[in-house]
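Let the hints inform the model, and build the full structure from the sequences given.
So the sequences go chain by chain: A and B.
Just so we're aligned, residue 0 is where the first sequence starts under numbering that gives the first Met the number 0, counting upward by one.
Just so we're aligned, residue 0 is where the second sequence starts under numbering that gives the first Met the number 0, counting upward by one.
Simulated from the structure, these hints should not be mistaken for lab results.
Fair warning: this is a prediction, and the values are worked out from it, not measured in the lab.
Don't take each hint at face value.
To be verified - Taking lysine-lysine and the BS3-like style, the derived pairs with C-alpha atoms no more than 27 Å apart in a straight line are:
hint, chain 1, residue 1, chain 2, residue 2
1, B, Lys189, A, Lys252
2, A, Lys64, A, Lys117
3, B, Lys283, A, Lys243
4, A, Lys249, B, Lys219
5, B, Lys173, B, Lys243
6, B, Lys189, B, Lys173
7, A, Lys86, A, Lys73
8, A, Lys163, A, Lys64
9, B, Lys230, B, Lys17
10, A, Lys249, B, Lys283
11, B, Lys90, B, Lys173
12, A, Lys75, A, Lys223
13, A, Lys73, A, Lys117
14, B, Lys335, B, Lys17
15, A, Lys58, A, Lys33
16, A, Lys252, B, Lys90
17, B, Lys90, B, Lys230
18, B, Lys208, B, Lys243
19, A, Lys163, B, Lys186
20, B, Lys173, B, Lys17
21, B, Lys90, B, Lys219
22, A, Lys252, B, Lys230
23, B, Lys283, B, Lys342
24, B, Lys189, A, Lys249
25, B, Lys335, B, Lys220
26, A, Lys243, B, Lys220
27, A, Lys252, B, Lys283
28, B, Lys189, A, Lys163
29, B, Lys335, A, Lys252
30, A, Lys249, B, Lys208
31, B, Lys229, B, Lys90
32, B, Lys335, A, Lys249
33, B, Lys34, B, Lys173
34, A, Lys223, A, Lys64
35, B, Lys208, B, Lys283
36, A, Lys163, A, Lys86
To be verified - Restraint ranges, calculated between C-beta atoms of paired labels, are given here:
hint, chain 1, residue 1, chain 2, residue 2, range
37, A, Thr20, B, Leu310, 42 to 52 Å
38, B, Lys220, A, Leu200, 20 to 30 Å
39, A, Ser25, B, Ser251, 31 to 41 Å
40, B, Arg112, A, Ser268, 43 to 53 Å
We put the beta carbon where it would ideally sit given N, CA and C, even for glycine.
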Amino acid sequence: MTTNGFQIVVCASLVPDPLQTLEPASGQGTPTLKNEAMLPAVLDPWAAHSLYEAAHLAKNVPGSKVYLVSLAPKAKLQQLMMTVAQKVPFELVALDGSASGFTDAFEVAAALASAIEKIPGLDRSRLLLFGGCSSASRDAGVTMQLVGERLGILDQFLAVDELKVQSDGSLRILERIEGGRYQVSVCSGAPAMLAWATGNLPEPANSPQVGMQNMRVVMPALQKAASVSVGAGSINYVNVELPKQVRSTKVVKDVSAAEIAQELFEWISN
Amino acid sequence: MENILFLAHTESDGSLSKAALEALGAAVELCSGQKNATLTVGLIGEQIDAALTAAGGCGAARCLAVCGEDFGVSRYASDAAAAEALLGACKASLVLAPASSRFCRALPGLAQRVSGRIDTQVSALDSSSGELRVQRWFYRQRMVATLSQSQRPWILLLSSGAFSPWQGGSPALKAEQISVELPDTCKRTKVEGFQAPPADAQTIRPDAKILFVAGAGWTKKQAAPENDAKKAETLIRGFISSAKASLGSSKSLVDLSAQGQEVLSFMSHLNQVGQTGSTPRHPKGLSTCCHGEEPHVVGWRFISERRAINLDAGCGWAHGKADVLYVADAFEVMEKLNELLAKG
Ligand SMILES: Cc1cc2nc3c(=O)[nH]c(=O)nc-3n(C[C@H](O)[C@H](O)[C@H](O)COP(=O)(O)OP(=O)(O)OC[C@H]3O[C@@H](n4cnc5c(N)ncnc54)[C@H](O)[C@@H]3O)c2cc1C
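Structure representation (structure tokens):
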């Protein structure tokens with residue numbers, strides 16, 4: 000068993016609340032979203048799951064610590080922290096910059112890796128790098144591997160739903176693969192990168208005590224957040240558009256179940 | 000002029016998956032549409048014989064392979080090392096590969112190593128303007144972007160189901176072996192195997208003609224007391240097996256099971272479609288007892304024909320998103336539909 004615990008660094012940014020309707024804004028240069036600054040934000044869902052898994056692991060492996068590294072506009076991040084900080088204990092490392100989905104994953108990864116390298120006293124031999132398997136913004140599923148590679152981590156896992164620390168300290172990991180199956184791998188130990196899918200934990204309830212404890216470090220972290228410039232890099236966006244098809248829905252009412260079944264049967268069969 | 004590398008990992012029997020053949024089809028087409036472009040085939044796997052035959056006639060100038068036991072498993076360190084060696088041997092400017100779980104894990108690391116760039120889940124390629132432009136979705140299938148990239152190498156992982164597969168031809172390819180010595184640091188991870196539901200409980204079928212999506216309504220209190228979760232389970236199972244459908248779920252329904260409530264025993268969050276679930280590709284989709292909302296609807300992006308059954312005529316997701324909304328009780332309709340399917 001790991002005696003000194005893990006140093007779990009979770010990379011998670013914010014994204015527009017998925018319940019919002021999103022529209023690209025037309026114009027020159029890097030695309031943006033209409034009213035982007037006004038859109039309510041949530042912690043990126045898959046990355047949020049990885050934060051909950053990190054906290055759960057840290058609770059069960061004594062001596063572990065969770066860092067949350069987040070690159071986002073500082074004011075929005077501060078607002079988001081009012082709720083996220085009440086979920087689980089962590090130490091925030093904030094970077095002030097764009098959280099747009101149109102930024103280049105390479106620039107974002109460079110900023111995140113460099114911030115992680117600067118965490119005082121971080122023991123990289125005990126590092127578990129966590130994040131989401133894909134963001135709800137750029138949605139490319141590459142950032143975590145790029146950060147991992149920059150940090151020299153050669154054991155990487157994508158779309159993880161389960162991590163078990165075994166009695167010999169090895170990590171047994173379940174990753175989602177094609178066809179609704181899991182690949183089961185065993186890694187001899189940290190350091191490793193795990194980009195999570197949903198995991199197995201529900202969203203923790205808000206705890207004002209955890210919130211108070213976190214906020215003591217969250218506020219100074221936000222104040223000293225380094226400003227980083229991340230943009231579209233070498234990507235040239237030719238255009239961004241909403242899918243066009245609005246379907247004219249035929250509503251079938253007051254028809255017996257048998258008739259509907261017959262119609263569906265014919266539809267399925269041809 | 001692009002120097003194109005089609006990169007694939009083989010399956011355990013040495014063959015190429017459908018997704019890999021689609022990526023090869025796209026690579027051949029892109030290469031033939033560009034002046035002076037060259038195509039190299041790069042293969043990774045324990046065995047590659049069947050792949051050499053399947054890729055036959057594709058017009059590749061060279062075929063390079065990293066083979067052996069170490070490369071038979073899907074593992075970041077060995078896959079990244081093999082891909083790096085193959086790219087290094089042909090100095091390609093463009094890499095086309097399937098967006099398999101194996102490559103989605105490993106090839107971003109390759110991009111980092113060669114100071115290249117990578118795009119995943121690419122759904123279209125277009126070089127008609129003389130410049131290669133690719134299409135991919137952002138914000139979880141909410142909007143689609145067309146983009147180009149000035150940095151090379153550029154690695155493109157192509158979405159499965161979006162390109163026509165290479166149909167094969169002759170002669171079979173002959174491979175030049177590229178040797179890669181894996182240090183122990185690349186073998187810290189061992190693949191133990193796979194966990195799959197038993198064959199009769201396998202509900203996710205990517206190649207199915209129809210996706211059946213169940214919503215939380217199946218577990219809600221119904222007017223007829225006999226229409227409970229048990230009955231729902233029987234009806235859904237019956238349909239999935241006789242229509243050979245793939246089973247999808249709304250988030251609300253799988254969350255109920257995570258909370259330990261009475262639900263459908265064969266449903267897991269792997270079935271979930273949408274914002275934090277999957278966005279499968281199927282020609283048809285039937286939604287039942289789903290109210291939807293935007294995060295659910297994005298899971299339907301790649302379903303061509305869509306029908307829905309809901310008690311509520313105002314069902315939010317169906318209007319404007321489905322072709323037909325049947326305002327009816329899904330318990331009754333599915334019972335009758337299963338009877339028809341049983342009769343054949
Ligand atoms: C961050 C975030 C991420 C999310 N991600 C996802 C996601 O990935 N996937 C997803 O699906 N959702 C997601 N959601 C949730 C989404 O917004 C909806 O809340 C959810 O999809 C609703 O599920 P539902 O339609 O099954 O349930 P409900 O809203 O409870 O709807 C049940 C429906 O069943 C109908 N019904 C009941 N009985 C019958 C009957 N006998 N016959 C016919 N119809 C009947 C009712 O009329 C009703 O319309 C997400 C939300 C958030 C905030």
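Quick rundown of the hints versus the structure:
This hinted pair does not check out: B/Lys189 and A/Lys252 have alpha carbons roughly 56 Å apart, beyond 27 Å. Restraint check: the Cα-Cα separation between A/Lys64 and A/Lys117 comes to about 16 Å, which is no more than 27 Å; the hinted pair holds. For a cut-off of 27 Å, the pair hint linking B/Lys283 to A/Lys243 stands: about 19 Å separates their Cα positions. Only pairs whose Cα atoms come within 27 Å are accepted, and A/Lys249 paired with B/Lys219 is accepted, the gap being roughly 26 Å.
Between B/Lys173 and B/Lys243 the alpha-carbon distance is near 39 Å, which puts this suggested pair outside the 27 Å criterion. Between B/Lys189 and B/Lys173 the alpha-carbon distance is near 30 Å, which puts this suggested pair outside the 27 Å criterion. Note on A/Lys86 and A/Lys73: the hinted pairing holds, with a Cα-Cα distance of about 20 Å set against a maximum of 27 Å. Between A/Lys163 and A/Lys64 the CA atoms are separated by roughly 17 Å; this keeps the pair inside 27 Å, and the hint holds.
Simply put, B/Lys230 and B/Lys17 have alpha-carbon atoms about 37 Å apart, too far for the 27 Å limit, and the pair is violated. The hinted pair formed by A/Lys249 and B/Lys283 meets the criterion: a straight-line CA distance of about 16 Å does not exceed 27 Å. For the hint pairing B/Lys90 with B/Lys173, the CA-to-CA distance comes to about 19 Å; that is within 27 Å, so the pair holds. For the proposed pair A/Lys75 and A/Lys223, the alpha carbon gap of about 15 Å is at most 27 Å, so the pair holds.
Taking the CA atoms of A/Lys73 and A/Lys117, the gap is about 19 Å. The hint holds against a cut of 27 Å. Among the hinted pairs, B/Lys335 with B/Lys17 is inconsistent with the structure: their alpha-carbon atoms are about 35 Å apart, more than 27 Å. A hinted pair counts as satisfied when its Cα atoms are at most 27 Å apart, and A/Lys58 with A/Lys33 does not qualify at roughly 41 Å. About 62 Å separates the Cα atoms of A/Lys252 and B/Lys90, which puts this hinted pair outside 27 Å; it is violated.
Restraint check: the Cα-Cα separation between B/Lys90 and B/Lys230 comes to about 59 Å, which exceeds 27 Å; the hinted pair is violated. For the hint linking B/Lys208 to B/Lys243, the alpha-carbon distance of about 8 Å falls within 27 Å, and the restraint holds. For the hint linking A/Lys163 to B/Lys186, the alpha-carbon distance of about 19 Å falls within 27 Å, and the restraint holds. As the CA atoms of B/Lys173 and B/Lys17 are separated by approximately 21 Å, the hinted pair is consistent with the 27 Å bound.
The straight-line distance between the Cα atoms of B/Lys90 and B/Lys219 is roughly 59 Å, outside the 27 Å bound, and the hint therefore fails. Restraint check for A/Lys252 and B/Lys230: satisfied, since their Cα atoms lie roughly 24 Å apart, inside the 27 Å limit. Among the hinted pairs, B/Lys283 with B/Lys342 is consistent with the structure: their alpha-carbon atoms are about 21 Å apart, no more than 27 Å. This hinted pair does not check out: B/Lys189 and A/Lys249 have alpha carbons roughly 53 Å apart, beyond 27 Å.
Between B/Lys335 and B/Lys220 the CA atoms are separated by roughly 21 Å; this keeps the pair inside 27 Å, and the hint holds. For the hint pairing A/Lys243 with B/Lys220, the CA-to-CA distance comes to about 37 Å; that exceeds 27 Å, so the pair is violated. About 21 Å separates the Cα atoms of A/Lys252 and B/Lys283, which keeps this hinted pair within 27 Å; it holds. Between the alpha carbons of B/Lys189 and A/Lys163 the distance comes to roughly 15 Å, so the proposed pair stays at or under 27 Å and holds.
At roughly 17 Å between alpha-carbon atoms, B/Lys335 and A/Lys252 fall within 27 Å of each other, so this suggested pair holds. In summary, the hint linking A/Lys249 to B/Lys208 is supported, as the alpha carbons are separated by about 22 Å, within the 27 Å threshold. In summary, the hint linking B/Lys229 to B/Lys90 is not supported, as the alpha carbons are separated by about 59 Å, beyond the 27 Å threshold. For the hint pairing B/Lys335 with A/Lys249, the CA-to-CA distance comes to about 21 Å; that is within 27 Å, so the pair holds.
For a cut-off of 27 Å, the pair hint linking B/Lys34 to B/Lys173 stands: about 25 Å separates their Cα positions. At most 27 Å may separate the alpha-carbon atoms for a hinted pair to count; A/Lys223 and A/Lys64 meet this at roughly 21 Å. As the CA atoms of B/Lys208 and B/Lys283 are separated by approximately 6 Å, the hinted pair is consistent with the 27 Å bound. For the given pair, A/Lys163 sits about 22 Å from A/Lys86 by alpha-carbon distance, which is consistent with the 27 Å threshold.
A hinted range of 42 to 52 Å for the beta carbons of A/Thr20 and B/Leu310 is inconsistent with their spacing of about 25 Å. For the hinted restraint 20 to 30 Å between B/Lys220 and A/Leu200, the CB-CB distance of approximately 28 Å keeps it satisfied. A hinted range of 31 to 41 Å holds for the C-beta pair A/Ser25 and B/Ser251, which are about 35 Å apart. At about 51 Å, the CB distance of B/Arg112 to A/Ser268 agrees with the hint of 43 to 53 Å.
Of the hints listed earlier, those the structure fails to meet are numbers 1, 5, 6, 9, 14, 15, 16, 17, 21, 24, 26, 31, 37, in rising order.
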